[in-house]
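A.B. asks: What follows is each chain in one-letter form.
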Amino acid sequence: MSAVIESHDDHHHGPAKGLTRWLFTTNHKDIGTLYLWFSFAMFLIGGAMALVIRAELFQPGMQIVEPEFYNQMLTLHGLIMVFGAVMPAFVGLANWLVPMMVGAPDMALPRMNNLSFWILPFAFLMMLSSLFMEGGAPNFGWTFYAPLSTTYAPPSVTFFIFSVHILGASSIMGAINVIVTIMNMRAPGMTLMKMPLFVWSWLITAYLLIAVMPVLAGAVTMMLMDIHFGTSFFNAAGGGDPVLFQHIFWFFGHPEVYIMILPAFGIVSHIISTFSRKELFGYSSMVWAMVSIAILSFVVWAHHMFTVGMPLAAELFFMWATMLIAVPTGVKVFNWVATMFRGSITYETPMLFAIAFVVLFTIGGFSGLMLAITPADFQYHDTYFVVAHFHYVLVPGAIFSIMAAVYYWLPKWCGNMYDERLGRLHFWLSFIGVNVTFFPQHFIGLAGMPRRIPDYALQFADWNMVSTVGAFLFGASQILFLFIVVRTVMGGKKATPEVWEGAQGLEWTVDSPPPYHTFSTPPEVK
Amino acid sequence: MFNIRSTFISSLTIFLGLIFSQSAFAEWNALNMTEGVTDISREVFGLHMFIFWIVVAIGVLVFGVMFYSMYAHTKKKNPEPATFHENTKLEILWTVIPFVILISMAVPATNTLQKMYADEEGDINIQVVGYQWKWEYKYLEDGVNFFSNLTTDQDEIYNQTPKGEHYLLEVDEPVVIPTGKRIRFLITANDVIHSWWVPDFAIKQDAIPGFINTAWTIVDEPGIYRGQCTELCGKNHGFMPVVVRAVTPEDYDLWVAEKKQAAFELAQLTEKDWTMEELVAKGEGVYQMNCVACHQVNGAGIPGIFPALAGSDIVLNNKPRNVEILMEGVQGAAMQSFANQLSEVDMAAVITYTRRAWGNDAKGDGEIVAPKEIVEYKENKIKI
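Chains A and B supply the protein sequences, listed in that same order. In this text, residue positions in the first sequence follow this note's numbering: the first is 1, and each later residue adds one. In this text, residue positions in the second sequence follow this note's numbering: the first is 1001, and each later residue adds one.
Take the hints with a grain of salt, since some may be wrong.
Stated by the list, open to error - With beta-carbon atoms standing in for the labels, derived distance ranges:
1) A:Arg487 / B:Phe1067: 28 to 34 Å
2) A:Thr221 / B:Asp1253: 38 to 44 Å
3) B:Glu1121 / A:Leu125: 54 to 60 Å
4) B:Ile1097 / A:Leu19: 53 to 59 Å
5) B:Val1292 / A:Thr20: 21 to 27 Å
6) B:Ile1097 / A:Gln63: 47 to 53 Å
7) B:Ala1339 / A:Gln63: 33 to 39 Å
8) B:Thr1083 / A:Thr191: 19 to 25 Å
9) B:Ala1118 / A:His228: 56 to 62 Å
10) A:Thr191 / B:Gly1304: 40 to 46 Å
11) A:Thr158 / B:Val1107: 30 to 36 Å
12) A:Ile295 / B:Asp1155: 42 to 48 Å
To be verified - In the BS3-like style, the derived pairs of lysine-lysine whose C-alpha atoms are separated by at most 30 Å in a straight line are:
13) B:Lys1076 / A:Lys494
14) B:Lys1381 / B:Lys1260
15) B:Lys1260 / A:Lys493
Said to hold, decoys possible - What the simulated footprint calls covered on chain A by chain B, stretch by stretch (three residues with Cβ under 8 Å from a Cβ of chain B suffice, anywhere in the stretch; the number is not a length):
16) 101 to 113
17) 152 to 161
18) 191 to 199
19) 323 to 336
The set of hints was computed from the structure by calculation and includes no laboratory data. The C-beta atom is built at its ideal place from N, Cα and C for all residues, glycine as well.
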């Protein structure tokens, strides 16, 4: 391989030494690593906040925190998990994998790549520092509905707005980089319909990001104007419209939901195919399903707002459009099952996570379909049923896919195999933890417990206790994950270039670990 | 592996055991949506169960195939994988069939929604206004008007005393409606967005400042129906329940008459000459109900969000401004106008209480406010 020779003949192209390697790096692998570690740190911080929430809800009554602080915890938990854990983790995976998968030497815009990462820690430092400000951190939920987030917000909201602006800038730069890389730097012979599915999923995700992050920036800018410059975009007393905020927010928010799940679709497609030792079933329908989901995501936003009092016609339109999403999503699930069917399956850790993804994500999809039914949504809306729904698609959905990806590509990245026994243990603990946490939340939601409350009526007590036990199990098992990853990076059985029997794709043709610069000469794709 | 498996099995046993013991001893409605007490709520429940069983059936089918191949198509049992990777007929089939299933769900859902939206003038029209953190009910025809506050004791919430049966779901004044009549709720809010939810009626409508949303119901059975605010509305979002008491039309008429009599008696009280002790005693109760959420029991507030009353210059030495703040609220802050929430007596009492409590009487002028002064304030405002 040309790549192997390349790493020997020019040592100037190795990484710099010390801290400056990470501060000034323009290397897609280094930046990918930075993104992944950063997102893991955020995952632990956001997770610790979730445990504060669950600990308070262990029993009825106020025990551990005050309602005011509880609201800050649920707000920061949501913001950190969405913008700090899931999104950067996917960007990290894109950085590591997209250039290697399309046979490019690096991302197309390496300096911008560095910038888009390094503004992130500052954004989150600013957001977290609001915990220590007078009046406390943002306390209006991650959806920050006006006027609770404007007229009635603590002073720290301004810092929150600035940090959302930075996050948006980072995401847009990351998205541009992905698109430019994929459009211009594919190896000769790699047509669009020959691209690996992870690359496809990220191409679509990147377009979604570019379309909606400016909308989010617009929403927070209007908040800023309302708070400091006397405008009344969302203030009814000044002729504004509080519902307008929700329309703008969810026009961003719904595509954002798919930004957090499309790359997962890509990852899982790779893993299921590899461990079934069978080509992915229905490649082109997979691509078209993702494109349809992405397009539909722009016309379903108001299903988050069925109770704001929209006219009947709007309610019906958004109900029908939302139900329609079940079709392409169903196609994807059927394709994964068909890929496994009559394959030759083994159950290494990535495969366990991928299968759990398919099952539990589908359960989340089922509750999503139920939520789409407007009359029933009047009962589900803003209860724990919704909490159960979106945690099923985000935790055993997005997060399981990220963990699957880490186990699957980690041997490639660091050249060492992880400990399979520990990996499986981590899987089972997470799997049990996630279900014990979130499945009972369906029950307490249906029984009538609203979300975002620090204390609850007595009939919800038993299942809340179960849920809290599950949350602590899930949280604790992530320490094991950290241990496994660190141990694998430090050493372990050497991985072959192919790593997994029959794995397909250009990334498996280079050494494990890959040289600092791969594919300086583009490979041929037939 | 032995350890992993035994951990897994024992956790599973515990989990299933819990589910089983729950369903054996608890009521079914602790696990599922309530059927409710109106035609609409029963229809919504039917819709919910219909969709639920459809997704269960799909789940059994899809996961069935998946689990079968996980069992039968392992590398051990099937060392040579098949090579097929597309099948146009199959793919068209599993696009079309879900589409048909969706239509079968959409039709009844659309019907029910149309019924819920058949909004017309009610026999009784009640305006519901959300405040941080209480509800106000205004009966448009009968002229009755009151606030509904949580009555659960702080000691219960902070685990000092045992929790009552309706912990967090009990109020001082439930909204009363007659059975068999069409009730229309006109829902709005005074400060932030709230949401008015009564599961038994399948009504959940956001209360939005500047907007009036409507919902309607006809309740056949007398009873007490409990719900909660379901839109995050600040610190005490979890502490503003909705309680509806449905009574027979005769009882309803009696209740309206009683409310009017009580309003008349309250007006009489305003004329009385109150002593400082009487006002402080009454004011403490009013303070506990309306003010502690923000200004705290010790009057210290929460720095940066809710100002302290203990030692506040306005409370100590500026009586006119003190009265004005309670009557008008503070623009752009959580402090709302209490002019319509509190009677003249309660208003005077609570201001007097804050001017005398926490050592304020020693530090400031300690002047009391008599109910008559509040009446005068209101009259002067009308003249201007």
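A.B. asks: With reference to the structure, classify each hint as holding or not holding.
C.D. replies: Outcome of the hint check:
A hinted range of 28 to 34 Å for the beta carbons of arginine 487 of chain A and phenylalanine 1067 of chain B is consistent with their spacing of about 33 Å. Range check, threonine 221 of chain A to aspartate 1253 of chain B: Cβ separation about 54 Å, and the 38 to 44 Å hint is violated. Between glutamate 1121 of chain B and leucine 125 of chain A the beta carbon distance is about 56 Å. The supplied range of 54 to 60 Å therefore holds. Restraint check, isoleucine 1097 of chain B to leucine 19 of chain A: a C-beta distance of roughly 58 Å satisfies the suggested window 53 to 59 Å.
At roughly 56 Å, the beta carbons of valine 1292 of chain B and threonine 20 of chain A sit outside the given window of 21 to 27 Å. At about 50 Å, the beta-carbon gap between isoleucine 1097 of chain B and glutamine 63 of chain A stays in the expected band of 47 to 53 Å. At about 37 Å, the CB distance of alanine 1339 of chain B to glutamine 63 of chain A agrees with the hint of 33 to 39 Å. Against the hinted window of 19 to 25 Å, the Cβ-Cβ separation of threonine 1083 of chain B and threonine 191 of chain A comes to about 22 Å, which satisfies the hint.
Our hint of 56 to 62 Å for alanine 1118 of chain B and histidine 228 of chain A is violated, since their Cβ atoms are close to 45 Å apart. Separated by about 59 Å at the C-beta atoms, threonine 191 of chain A and glycine 1304 of chain B break the suggested range of 40 to 46 Å. In this structure the supplied range 30 to 36 Å is violated for threonine 158 of chain A paired with valine 1107 of chain B, their Cβ-Cβ distance being about 49 Å. For the pair isoleucine 295 of chain A and aspartate 1155 of chain B, the supplied restraint of 42 to 48 Å is violated, since their beta-carbon distance comes to about 56 Å.
This hinted pair checks out: lysine 1076 of chain B and lysine 494 of chain A have alpha carbons roughly 25 Å apart, not beyond 30 Å. Between lysine 1381 of chain B and lysine 1260 of chain B the alpha-carbon distance is near 25 Å, which keeps this suggested pair within the 30 Å criterion. For the proposed pair lysine 1260 of chain B and lysine 493 of chain A, the alpha carbon gap of about 84 Å is over 30 Å, so the pair is violated. Only when three residues or more bring their CB closer than 8 Å to a CB of chain B does the claim for the segment 101 to 113 of chain A stand; here the count is 0, and the claim is violated.
With a threshold of 8 Å between beta carbons, the proposed coverage of the segment 152 to 161 of chain A by chain B holds, since 3 of its residues qualify and at least three are required. Against chain B, the segment 191 to 199 of chain A contributes 0 residues with a C-beta closer than 8 Å to a partner C-beta. That does not satisfy the three-residue criterion, and the hint is violated. Under a criterion of three residues with beta carbons nearer than 8 Å to beta carbons of chain B, the stated coverage of the segment 323 to 336 of chain A is upheld, 8 such residues being counted.
In summary, the numbered hints that this structure violates are 2, 5, 9, 10, 11, 12, 15, 16 and 18.
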